[in-house]
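Asker: Listed below, chain by chain, are the residues.
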Amino acid sequence: MLKEFWDFLMNDFFITGDPLILGAQVSIGLSMVAIVIALSYFKKWRWLWTEWLTTVDHKKIGIMYVIAALLMLFRGGVDALLIRTQLAMPQLEFLHAGHYNAIFTTHGVIMILFMAMPLMFGLFNIVVPLQIGARDVAFPYLNSLSFWLFFFGAMLFNVSFVIGGSPDAGWLAYPPLSELSGSPGLGQDFYIWGIQISGIGSLASGINFVVTILKMRAPGMKLMQMPMFTWSVLSSSITIMFAFPILTVTLFLLFIDRYLGAHFFTLDGGGNPMMYINLIWMWGHPEVYIVILPAFGVFSDVVSAFSKKKLFGYKSMVFALMSISFFSFFTWLHHFFTMGSGADVNAFFAVTTMLIAIPTGVKVFNWLFTMFRGRITFSQPMLWTIAFIPCFVVGGMTGVMLSVAPADFQFHNSYFLIAHFHQVLIGGVVFGYFAGLYYWWPKMFGFKLHDGLGKWAFWLWNIGFYVCFMPQYALGLMGMTRRFNEYNFDLGWQPLNIVSTVGAFIMGLAFIFQVWQIAHSIKFLKKEKSGDAWGDGRTLEWSIPSPAPMYNFARLPEVSSSDEWWEEKQRRANGIKPKPLAPLEPIHMPKNSGIPFIMSVFFFIAGFGFVWHWTWMLVPGLIGVAVCMFARSFDYDTDYYIPVDEIERTEAALKGGH
Amino acid sequence: MRKTIRFLVPMMLMLIAVMLSGCSDKYIVLDPKGPIGESQKDLIWITVWLCAIILVPVLILTAVIVWKYRDRKDNKSAYQPNWEHSTKLETIWWAIPIVIIAILATVTIKYTYDLEPSKPLESAKQPITIEATSLDWKWLFTYPQEGISTVNYVQIPEDTPIRFRVTADQAMNSFWIPQLGGQIYAMSGMAMTLYLQADEVGDFFGTGANFTGEQFAKMTFDVKSTSEADYKTWVDSVKSSAPELTEEGFQQLKQPGSSDKQSFSAFPKGLFDQVVMQYVGPNGADAPHSGQKSGPVKDEEGGGHDTSSTEVEGQLLPVMNH
Numbered sequence: 001m002l003k004e005f006w007d008f009l010m011n012d013f014f015i016t017g018d019p020l021i022l023g024a025q026v027s028i029g030l031s032m033v034a035i036v037i038a039l040s041y042f043k044k045w046r047w048l049w050t051e052w053l054t055t056v057d058h059k060k061i062g063i064m065y066v067i068a069a070l071l072m073l074f075r076g077g078v079d080a081l082l083i084r085t086q087l088a089m090p091q092l093e094f095l096h097a098g099h100y101n102a103i104f105t106t107h108g109v110i111m112i113l114f115m116a117m118p119l120m121f122g123l124f125n126i127v128v129p130l131q132i133g134a135r136d137v138a139f140p141y142l143n144s145l146s147f148w149l150f151f152f153g154a155m156l157f158n159v160s161f162v163i164g165g166s167p168d169a170g171w172l173a174y175p176p177l178s179e180l181s182g183s184p185g186l187g188q189d190f191y192i193w194g195i196q197i198s199g200i201g202s203l204a205s206g207i208n209f210v211v212t213i214l215k216m217r218a219p220g221m222k223l224m225q226m227p228m229f230t231w232s233v234l235s236s237s238i239t240i241m242f243a244f245p246i247l248t249v250t251l252f253l254l255f256i257d258r259y260l261g262a263h264f265f266t267l268d269g270g271g272n273p274m275m276y277i278n279l280i281w282m283w284g285h286p287e288v289y290i291v292i293l294p295a296f297g298v299f300s301d302v303v304s305a306f307s308k309k310k311l312f313g314y315k316s317m318v319f320a321l322m323s324i325s326f327f328s329f330f331t332w333l334h335h336f337f338t339m340g341s342g343a344d345v346n347a348f349f350a351v352t353t354m355l356i357a358i359p360t361g362v363k364v365f366n367w368l369f370t371m372f373r374g375r376i377t378f379s380q381p382m383l384w385t386i387a388f389i390p391c392f393v394v395g396g397m398t399g400v401m402l403s404v405a406p407a408d409f410q411f412h413n414s415y416f417l418i419a420h421f422h423q424v425l426i427g428g429v430v431f432g433y434f435a436g437l438y439y440w441w442p443k444m445f446g447f448k449l450h451d452g453l454g455k456w457a458f459w460l461w462n463i464g465f466y467v468c469f470m471p472q473y474a475l476g477l478m479g480m481t482r483r484f485n486e487y488n489f490d491l492g493w494q495p496l497n498i499v500s501t502v503g504a505f506i507m508g509l510a511f512i513f514q515v516w517q518i519a520h521s522i523k524f525l526k527k528e529k530s531g532d533a534w535g536d537g538r539t540l541e542w543s544i545p546s547p548a549p550m551y552n553f554a555r556l557p558e559v560s561s562s563d564e565w566w567e568e569k570q571r572r573a574n575g576i577k578p579k580p581l582a583p584l585e586p587i588h589m590p591k592n593s594g595i596p597f598i599m600s601v602f603f604f605i606a607g608f609g610f611v612w613h614w615t616w617m618l619v620p621g622l623i624g625v626a627v628c629m630f631a632r633s634f635d636y637d638t639d640y641y642i643p644v645d646e647i648e649r650t651e652a653a654l655k656g657g658h
Numbered sequence: 001m002r003k004t005i006r007f008l009v010p011m012m013l014m015l016i017a018v019m020l021s022g023c024s025d026k027y028i029v030l031d032p033k034g035p036i037g038e039s040q041k042d043l044i045w046i047t048v049w050l051c052a053i054i055l056v057p058v059l060i061l062t063a064v065i066v067w068k069y070r071d072r073k074d075n076k077s078a079y080q081p082n083w084e085h086s087t088k089l090e091t092i093w094w095a096i097p098i099v100i101i102a103i104l105a106t107v108t109i110k111y112t113y114d115l116e117p118s119k120p121l122e123s124a125k126q127p128i129t130i131e132a133t134s135l136d137w138k139w140l141f142t143y144p145q146e147g148i149s150t151v152n153y154v155q156i157p158e159d160t161p162i163r164f165r166v167t168a169d170q171a172m173n174s175f176w177i178p179q180l181g182g183q184i185y186a187m188s189g190m191a192m193t194l195y196l197q198a199d200e201v202g203d204f205f206g207t208g209a210n211f212t213g214e215q216f217a218k219m220t221f222d223v224k225s226t227s228e229a230d231y232k233t234w235v236d237s238v239k240s241s242a243p244e245l246t247e248e249g250f251q252q253l254k255q256p257g258s259s260d261k262q263s264f265s266a267f268p269k270g271l272f273d274q275v276v277m278q279y280v281g282p283n284g285a286d287a288p289h290s291g292q293k294s295g296p297v298k299d300e301e302g303g304g305h306d307t308s309s310t311e312v313e314g315q316l317l318p319v320m321n322h
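Protein chains in written order, with this note's numbering: chain G, 1 to 658; chain V, 1 to 322.
Derived by calculation from the structure, the hints in this document are not laboratory data. You may find that some hints are simply not true.
Derived pair list, reagent style DSS-like, types lysine-lysine, alpha-carbon separation capped at 25 Å [said to hold, decoys possible]:
1. V:K68 - G:K308
2. G:K455 - V:K73
3. G:K569 - V:K239
4. G:K308 - V:K261
5. V:K269 - G:K308
6. V:K239 - V:K254
7. V:K254 - V:K218
8. G:K308 - V:K239
9. G:K315 - V:K254
These numbers come from a predicted model, not from an experiment.
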């Protein structure tokens, strides 16, 4: 009996026999032990529980999202370096084929779903309530649940690396390869449940931010006076609300196929794999706009702040954002022009895809003309913004080239495509979120990140990016297809592949500089005295102390302009006295709750049970989820008021710190 | 500013390198040897130039603006912190992309119909049909007219339209010969049609372009274009010297694994159609596509509006009974 269990553990449960994975298992084990020891030694368990795990404060949830996203960036980045190492030389035997396939699959899933999405939600959380003059999001409890669902979904996905086996059918897991017939292992099940659980969280976040923005703006703030980042969050969140249900249903159907033997996407029994490919891209294409739109918002705010000038063409910008999110639902087929749907269908989707270039192009012109007749300071957020423009314009142009359906027959699935989407995702999304992180970092933590090290990271990222991905356009034109784990000497792909690999490692070095930058800035902490850390802040978040007190605004601000804080500073400079302060009132706040964390643990347990087909595990998991829902439904003690004298004490302490 | 230039320069150099290298023979997509690939190359260059109309001015404008309006005490350029709107300017930059996209859309639509993969090529010669089946992880080619079969290589006569019929036994693949023209998906339960032609003698690179599982990287194949006489000689030599592909042989061949090049002097009758129809039940009710009831295999092409295939099909069917 014991021997059987041991055999199961070593043969099926843990992945054994690969030195790379063994190294990962050992280091994961050691770091978990180290964390437990550290928390016990410093007696921080209670602090961890009350301050973080149960928090419903949007600022803390935002910080947890950012930390999780940076960890995932590390994992996805290591995957990327392994891929590039394997491809550096022809017929290298660094990774065997199965391992390589798992790594490019997890690289894609992690970078989009577990890096870009949480980093985006982190920025949403940290910034949106502050920008619209609110004290929290509309549903703080749901917000905490969203985070923990994302977190445990991501953990369930990641654990497949050392337990049970990684998915290896590509990041969108096309059937029939992802069906039992093509992937009998557990990897696909980890894929389905990891994404499914975190997907519920994403959908809930989308709804949360739509409601927050529509219902919780400060008095006087009209929709057309919202900061552009808030507009971008609104457009992105609306897109989430319409796109994510498609993902949930699609993966659920795939799950039923695999778990119960249904035939939605199988080869036999009347299944139709092409249906899956259509459905997954009906989510997948809006998804890339979901992550890029907030980056557009960041650039709009940053470019206006560091040009010391109003954003040019506000109405055009809003219209462009909303039309991009609308059109994003009508382009999905451009991911498979080569499926042979016929000229009518291909022509339609080629044109809808090109249409998106119009509002995007207008946005670029408006950013340029925000800088025009401004005064540009090259702070770190602004550097990333300036680097974004040429990078994204080139990436957008290659996107237009790909949208030309008959030409796409020659680009499809080649490294030309790989280079294109990395250029818009790194040059757009990653640069955008970095700009946002550097910009709002002082608002999150009350100190700025070191400038010199940040510039090193910036230049290494940029140089590394071009060295890595420009050769890949060329490789695509040489006929190199994606997802090849090896290639022959005679194809002439070798030199450019080596160049590309060097570029990838330069980006890896850049990431190390960023880690160093954060560590250095914490060690030599220079506290930010003013709430307006850059001196150029234009929107409400800069009108309050950094980091913001728990309730954000002691008094809700009155808003009459899209650059309210900038106008306020102008008024003060011109000697116009601010209105007399209204008396403080008790502030209504949500209470912390452990249920979101516990419920997500139960989701994890249920997901793990589904993956292994362990009824004894999944049933208690699902019951636990249901019990948590009941517990919440009958919990009437969910809020409290901060008394006026406590607000006064906090405000006085914050002022004293100035 | 020095910094902006520092990153613009390597980028521009890289771009130029990519563009100029079109003449190198390694850039096979830009060095086509057949009419389809030729048209696609022309189309690619049209899009490059149309894009360049916006790209180049925007890059220059970016560099100039960032340089001119940098925050220096002695900067004498205009500073208008409240200038936020100009109907005239915004109309201009809504109009420019609209015009460019309108031109590009027109060109694209025209080429989309011209280059519809299932559209027969104009030629005095009758097309040769070659059936390509993606197996795990090798390509099987069957020649219904000649009655021969090959694995991982395909030989074709020059100046003759080739009517490829493409399917997959298991995982979805994509069939791509870059120098002849663009790819088409190889899907189980579907017979896709792709017309290609080689205008000259030569050896071309062919590859699977959609991930099919573990040894996907082994799914490249050679395309050999020869004169018509050499092609006939080759067919005869395969017929006389190569072994036969039997039903058992095929069952063995379709087992997961890679393969060297192989040639067969014969193959089981209607093998390709068997592969396409293998998931259809006895009454056809659970065919992969409910719209198609049981009956003769119908090609999936051009949303069904293409009639040429049925004509060709009619000519081919007797030939298939070799």
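Asker: Take the hints in turn and mark each one as holding or not.
Answerer: Hints and how they fare:
1. For the proposed pair K68 (chain V) and K308 (chain G), the alpha carbon gap of about 15 Å is at most 25 Å, so the pair holds.
2. Proximity of K455 (chain G) to K73 (chain V) is assessed by CA-CA distance (about 23 Å); at most 25 Å being required, the pair is judged to hold.
3. Between the alpha carbons of K569 (chain G) and K239 (chain V) the distance comes to roughly 89 Å, so the proposed pair goes past 25 Å and is violated.
4. About 67 Å separates the Cα atoms of K308 (chain G) and K261 (chain V), which puts this hinted pair outside 25 Å; it is violated.
5. Restraint check for K269 (chain V) and K308 (chain G): not satisfied, since their Cα atoms lie roughly 76 Å apart, outside the 25 Å limit.
6. Annotation: proposed proximity of K239 (chain V) to K254 (chain V) holds, straight-line Cα distance about 22 Å (limit 25 Å).
7. Taking the CA atoms of K254 (chain V) and K218 (chain V), the gap is near 14 Å; set against the 25 Å cutoff, the hint holds.
8. Under the criterion of a C-alpha separation no larger than 25 Å, the hint pairing K308 (chain G) with K239 (chain V) is inconsistent with the structure, at around 79 Å.
9. A hinted pair counts as satisfied when its Cα atoms are at most 25 Å apart, and K315 (chain G) with K254 (chain V) does not qualify at roughly 60 Å.
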